[in-house]
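There are 4 protein chains.
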Amino acid sequence: MNDPSRKYFNCTDRERAIFESGIKLGAIFHQFIGVPVNDSNRKDMENAIEKSIKLQPFVESISVKINIEGQRNTSFQYVSLSGDMLDVRLAIRYNDQEVKARMQYMQDLNYPLMYLEE
Amino acid sequence: MNDPSRKYFNCTDRERAIFESGIKLGAIFHQFIGVPVNDSNRKDMENAIEKSIKLQPFVESISVKINIEGQRNTSFQYVSLSGDMLDVRLAIRYNDQEVKARMQYMQDLNYPLMYLEE
Amino acid sequence: MNDPSRKYFNCTDRERAIFESGIKLGAIFHQFIGVPVNDSNRKDMENAIEKSIKLQPFVESISVKINIEGQRNTSFQYVSLSGDMLDVRLAIRYNDQEVKARMQYMQDLNYPLMYLEE
Amino acid sequence: MNDPSRKYFNCTDRERAIFESGIKLGAIFHQFIGVPVNDSNRKDMENAIEKSIKLQPFVESISVKINIEGQRNTSFQYVSLSGDMLDVRLAIRYNDQEVKARMQYMQDLNYPLMYLEE
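Residue numbers (this note's numbering), protein chains in the order written: chain A, 981 to 1098; chain B, 981 to 1098; chain C, 981 to 1098; chain D, 981 to 1098.
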């Protein structure tokens, strides 16, 4: 594995993978919230988010789902992407360490939670 | 043409088309600047921007080009989308009035200019 | 009035003011949606949005209000800025022409409408 | 310390602090890139970024600096905030564990690096 930024870090491989997974989830939320979506472009946007985040370092795999159901429709037949619509599964690998992270709206928190699955 | 927001406006059809074209160009710049791009996802991102902006009212057609050439590469083989990389052509129609607008980096201004072509 | 981009436009002063007002409203929505807000930082964020948009060309005045009331609280005591929370009043002047534009959530449309007031 | 999301995590306190620090840095970059800045609003924007990110969970302290020097000026006397202009120092505390993270443009990488300082 090549990491041109390695010299700047002083942590374990697992800690690095965890740090990188946080970056990616924070990036997805704050980059894409606000994008116009409805059923006609949902898959294109999921695909575009996945492919752009995959360019960031150490992303092993990523799956983005946008849940539009349950959103109150507007007079213009689309909604702005909001955090409660996002379901993201992410795997980050740094050397031998793989970490699985997720963003998912949690009803009990009324919050789009970013958390570590493994 | 159906416009559920018509009652809120007091202007000509051409003025409305011009207003709407400004909204779309401001939206594209400020929504998508910062997205990770390189040659592998350029077309997916162009497509996703076009399809999302097309959902906004009165967009007749839109073409988005991302120019990566000339960008200094980073150690991680992608760049963040910046305004000077965007070339957008937009047609807005409101009733019989069609307006063509564009966003393009202008070297003499060192500025990604949004302007009216017709 | 100095406009280094004038040569790229072929429209009336009023049309230019209308176009510029659309850009600013599209910019505000798509730049700032997603920002964490609650009562403790509301005024700082309103001020920061106003001052940043005032840098864009031909802004005569701008007032941004963030309405947090009525938002369902989260377990972390803040919410992400959404379009229905924004109330923006904007005046754009191009030469002798002044245009007033506004962004405001319209309940009948379930939509944060950007419109021309005058 | 109160953490309403604790049940969703299965990791050490230090790992949690590291994860949260990644989220915040990813959030800052992708939320605020594109904002218009020059010397007149630089401090307001630094302050607004700091106060909004402080609302996110477990932020002990944060300092944001925007470096405008060295940016090529535009014909409109402001620039769009870009990653190479940001210098962020962040402390995250989860129970007894404190982690220091930073975002800083690294010339050798031509990249705004997010890294762990301690």
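Keep in mind that a hint or two might mislead.
The list makes no distinction among identical chains, and a pair is therefore deemed to hold if it is satisfied within one copy or across any two copies.
List of simulated lysine-lysine pairs, DSS-like, C-alpha gap at most 25 Å [to be verified]: (1) K987 with K1023; (2) K987 with K1031; (3) K1045 with K1023; (4) K1080 with K1045; (5) K1034 with K1023; (6) K1034 with K987.
Hints are computed from structural coordinates only; laboratory data are not their basis.
We went through each hint and held it up to the structure:
1. K987 with K1023: neither (39 Å within a copy, 32 Å between copies)
2. K987 with K1031: Classified as neither: same-chain Cα gap 27 Å, cross-chain 31 Å, threshold 25 Å.
3. K1045 with K1023: Result: close both inside a copy and across copies, 8 Å intra and 20 Å inter.
4. K1080 with K1045: within (16 Å within a copy, 32 Å between copies)
5. K1034 with K1023: both (16 Å within a copy, 15 Å between copies)
6. K1034 with K987: Classified as within: same-chain Cα gap 23 Å, cross-chain 29 Å, threshold 25 Å.
Violated hints, in rising order: 1 and 2; the structure is consistent with all others.
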